[in-house]
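Asker: Chain by chain, the residues run as shown.
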Amino acid sequence: KAGVTQTPRYLIKTRGQQVTLSCSPISGHRSVSWYQQTPGQGLQFLFEYFSETQRNKGNFPGRFSGRQFSNSRSEMNVSTLELGDSALYLCASSSIAGTYEQYFGPGTRLTVT
Amino acid sequence: KNQVEQSPQSLIILEGKNCTLQCNYTVSPFSNLRWYKQDTGRGPVSLTIMTFSENTKSNGRYTATLDADTKQSSLHITASQLSDSASYICVVSIRNQFYFGTGTSLTVIP
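These protein sequence lines are chains X and P, in that order. Those letters in the first sequence? Residues 13 to 125, by the working numbering. Those letters in the second sequence? Residues -9 to 100, by the working numbering.
Treat the hints with care, since some could be wrong.
[Stated by the list, open to error] Straight-line C-alpha distance at most 20 Å; calculated SDA-like pairs for lysine to any residue: (1) LYS47/P with TYR115/X; (2) LYS69/X with SER21/P; (3) LYS47/P with SER83/P; (4) LYS69/X with VAL17/P; (5) LYS69/X with TYR89/P; (6) LYS69/X with ARG85/P; (7) LYS69/X with ILE84/P; (8) LYS25/X with SER21/P; (9) LYS47/P with LYS69/X; (10) LYS69/X with SER83/P.
Please keep in mind that the hints were generated in silico from the structure rather than gathered at the bench. This one's a predicted model, so the numbers in the text were calculated from it and none came from an experiment.
Taking the hints into account, I'd like the entire structure generated from these sequences.
Answerer: Given below as structure tokens:
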């Protein structure tokens, strides 16, 4: 069974731009969660989607948004990028909501200049 | 405030030696506590998951323990290998909320 895939793996953007990251969960998994990881803050929860509905949201500004499609693939969008948005963005999938067992993708490394 | 703190922040050990990583938490009550291993440039991989009623869980050379009274967990690595060099992250969850430690960076040297 293929694992969680994320595209692109690396991305360089400039301040003020917007970016869309994509995540394809493990086949059959309906829950997708997004995390931001920085050296100083560690992993921080962004949001979780289950069956196309946002179930849970972390403490991030409205510039961070997401959605999930009927095939469970998910996208995350960050508008008006700031230098502090430079991070590794990780996606994790789970077969059930509440994410008892999460499987992480390799992440997208976003650099904002 | 719910917090998960890990120590040490970084650790260097010789190949073949044992080591223990610590995780102290204030999240209470919690659903489960997990340890993840994250290799550089990769996503975290689950090592162990424990519910509040379990006090030990093993996965090969990795053994996690949990003391719910003192709100402490430890991850013991036996006979370390070069491939154990990674960050180890402790995560405590309550239902749908996750609280992450900032991780311990382990370097195993020959």
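Asker: Each hint needs a verdict: does it hold in this structure or not?
Answerer: Each hint, compared with the structure:
1. LYS47/P with TYR115/X: holds (19 Å)
2. LYS69/X with SER21/P: holds (18 Å)
3. LYS47/P with SER83/P: Holds, because 17 Å separates the two Cα atoms, which is no more than 20 Å.
4. LYS69/X with VAL17/P: OK: LYS69/X and VAL17/P at ~18 Å, within 20 Å.
5. LYS69/X with TYR89/P: The hint holds at about 13 Å.
6. LYS69/X with ARG85/P: holds (13 Å)
7. LYS69/X with ILE84/P: holds (14 Å)
8. LYS25/X with SER21/P: violated (39 Å)
9. LYS47/P with LYS69/X: violated (30 Å)
10. LYS69/X with SER83/P: Distance of about 14 Å is within 20 Å: holds.
The structure fails hints 8 and 9 (numbered hints given earlier, in ascending order).
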